[in-house]
Amino acid sequence: MQGKTQKTNWPDEEAGSTSQIVDLVNRARNGDRTAFGHLVALFHGDIFRMVYFRTRSEIDAEDLTQDIFIQAFKGVKRLKETDRFRSWLFSIAVNRVRDFYRKRRFLSFFGEPGEAGKFGIAQSERETEAQPLKNMERRDFWNHVGAFLKQLSRHEKEVFVMRFMDQLSLREIAEVLGKGESTVKTHLYRAVKKFRREPRMQALIGGGIK
Amino acid sequence: MRTYADKHLTEDRIIRAVIDEAQLLRHEKEHLVQCLVCRDEKTRLEQDLTALGDAASRLAPRPRRAVVLPETKGKSPGWLTGHHSWALASVVCTVLVLFFLGWNFFVRLPQSRLASVEEEIQKDGQFMAEINDLVENPLPQVYRDISGDGYAEMDEDLMDFLVPEVEEHAGESSPA
Chain A
1 MQGKTQKTNW
11 PDEEAGSTSQ
21 IVDLVNRARN
31 GDRTAFGHLV
41 ALFHGDIFRM
51 VYFRTRSEID
61 AEDLTQDIFI
71 QAFKGVKRLK
81 ETDRFRSWLF
91 SIAVNRVRDF
101 YRKRRFLSFF
111 GEPGEAGKFG
121 IAQSERETEA
131 QPLKNMERRD
141 FWNHVGAFLK
151 QLSRHEKEVF
161 VMRFMDQLSL
171 REIAEVLGKG
181 ESTVKTHLYR
191 AVKKFRREPR
201 MQALIGGGIK
Chain B
1 MRTYADKHLT
11 EDRIIRAVID
21 EAQLLRHEKE
31 HLVQCLVCRD
41 EKTRLEQDLT
51 ALGDAASRLA
61 PRPRRAVVLP
71 ETKGKSPGWL
81 TGHHSWALAS
91 VVCTVLVLFF
101 LGWNFFVRLP
111 QSRLASVEEE
121 IQKDGQFMAE
131 INDLVENPLP
141 QVYRDISGDG
151 YAEMDEDLMD
161 FLVPEVEEHA
171 GESSPA
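As you go down the protein sequences, you meet chains A and B in turn.
Here this note's numbering is used: the first residue of the first sequence is 1, the next is one more, and so on.
Here this note's numbering is used: the first residue of the second sequence is 1, the next is one more, and so on.
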């Protein structure tokens with residue numbers, strides 16, 4: 001896909017401070033590969049989870065995360081506001097996930113099983129490897145969350161997941177989606193209201209996910 | 001009498017407080033600080049949403065594959081890619097356009113202008129020669145040939161022969 005490749009060997013790092021991130025971004029913009037590697041280590045987990053929340057597929061999440069970081073690596077030189085690296089990275093991720101779903105719809109239109117079809121077997125194979133109880137809990141949780149998210153409009157779903165699952169701030173969500181903060185708050189308000197009135201979600205939370 | 005500060009916040013205001021407390025009016029903020037019931041309700045909703053987020057993170061798998069970055073290309077083959085190639089192409093185009101305009105303005109036009117001036121001078125000369133001819137002989141050549149200005153000397157002799165001078169004839173006839 002990208003010709004010769006090189007693996008990153010950076011250890012998992014705790015989220016750095018804003019000034020550290022800005023420093024790393026500036027170095028990465030000047031072609032410092034190691035600095036970009038540190039950024040990958042800082043945000044790998046966040047981006048992987050973000051993609052997983054939307055695809056519910058571990059394999060797809062891994063592939064898409066890889067693509068997102070490659071895209072970011074290629075585009076980091078063009079990033080002007082270095083203090084907005086996180087929201088910039090998430091906007092790349094959001095667009096990549098959208099492309100993934102478009103491609104999947106296109107393939108399903110022509111009767112191809114696509115990436116989603118392949119995923120089913122691989123995912124179940126992985127799950128049987130260990131921790132069957134945790135896998136059951138995980139499946140149950142995501143089924144409930146999925147059912148709830150289906151009740152929300154596209155915008156409500158987007159802002160709800162970004163705010164409470166991806167843990168983005170209101171400002172970051174507005175930057176990622178290219179919308180005003182007041183619009184984000186309006187969608188979020190409607191989504192939270194539905195969340196509060198959804199008995200299955202209340203039962204799920206009351207049933208010990210805390 | 002109950003004041004604004006005594007009234008409990010509605011569900012709508014609690015949700016707005018959870019999303020962004022800055023959205024509340026001043027008296028609502030004051031009430032939230034004082035009222036245990038409203039504060040509990042807000043805290044409970046916040047905890048539910050936090051629990052959902054925590055559970056989502058906990059029940060999401062961890063990435064197993066490391067991110068692999070593409071090998072960075074060396075400078076020599078890579079400098080002519082992307083923006084650089086476009087920049088170079090536009091510079092070349094600009095230089096060509098400037099050269100074309102400069103060639104026309106400074107080289108080609110002066111030469112053609114000089115040639116046209118020379119042609120103009122030549123035409124003026126011819127024209128002045130024609131005018132001078134006309135001043136001396138206003139008639140065209142054809143009429144001049146007919147009018148006989150050309151054989152004036154011959155006419156003199158002929159006329160002398162045909163019509164002799166009156167004085168000469170008078171001298172010769174008087175003795176007779």
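Each hint should be verified, as a subset may be incorrect.
Claimed, not checked - Lysine-lysine pairs mimicking DSSO-like chemistry, simulated, CA-CA at most 30 Å apart: (1) B:K7 / B:K42; (2) A:K157 / B:K29; (3) A:K193 / B:K123; (4) A:K179 / A:K134; (5) A:K157 / B:K42; (6) A:K179 / B:K42; (7) A:K185 / B:K42; (8) B:K123 / A:K194; (9) B:K123 / A:K185; (10) A:K150 / B:K29; (11) A:K179 / B:K7.
As the list claims (entries may be wrong) - Far from chain B by the CB rule (all over 10 Å, computed), these chain A residues: (12) T82; (13) R138; (14) V192.
Simulated from the structure, these hints should not be mistaken for laboratory data.
From the three backbone atoms N, C-alpha and C, an ideal C-beta is built for every residue, glycine too.
Results for each hint:
As the CA atoms of B:K7 and B:K42 are separated by approximately 15 Å, the hinted pair is consistent with the 30 Å bound. Under the criterion of a C-alpha separation no larger than 30 Å, the hint pairing A:K157 with B:K29 is consistent with the structure, at around 28 Å. Note on A:K193 and B:K123: the hinted pairing is violated, with a Cα-Cα distance of about 97 Å set against a maximum of 30 Å. Between A:K179 and A:K134 the alpha-carbon distance is near 38 Å, which puts this suggested pair outside the 30 Å criterion.
Using a Cα cut-off of 30 Å, the hinted pair A:K157 and B:K42 holds, with the two alpha carbons roughly 22 Å apart. Between A:K179 and B:K42, the direct Cα distance comes to roughly 27 Å. Compliance with the 30 Å bound is thereby established for this hinted pair. At roughly 17 Å between alpha-carbon atoms, A:K185 and B:K42 fall within 30 Å of each other, so this suggested pair holds. Restraint check: the Cα-Cα separation between B:K123 and A:K194 comes to about 97 Å, which exceeds 30 Å; the hinted pair is violated.
Under the criterion of a C-alpha separation no larger than 30 Å, the hint pairing B:K123 with A:K185 is inconsistent with the structure, at around 87 Å. At roughly 34 Å between alpha-carbon atoms, A:K150 and B:K29 are farther apart than 30 Å, so this suggested pair is violated. With a CA separation close to 34 Å, the supplied pair A:K179 and B:K7 exceeds the 30 Å bound. Taking the minimum C-beta to C-beta distance to chain B, about 19 Å, the non-interface status of A:T82 holds against the 10 Å cut.
A beta-carbon of chain B comes within 10 Å of the beta-carbon of A:R138; the shortest separation is about 4 Å. With a cut of 10 Å on Cβ distances, A:V192 falls inside the contact zone with chain B, its closest approach being about 5 Å.
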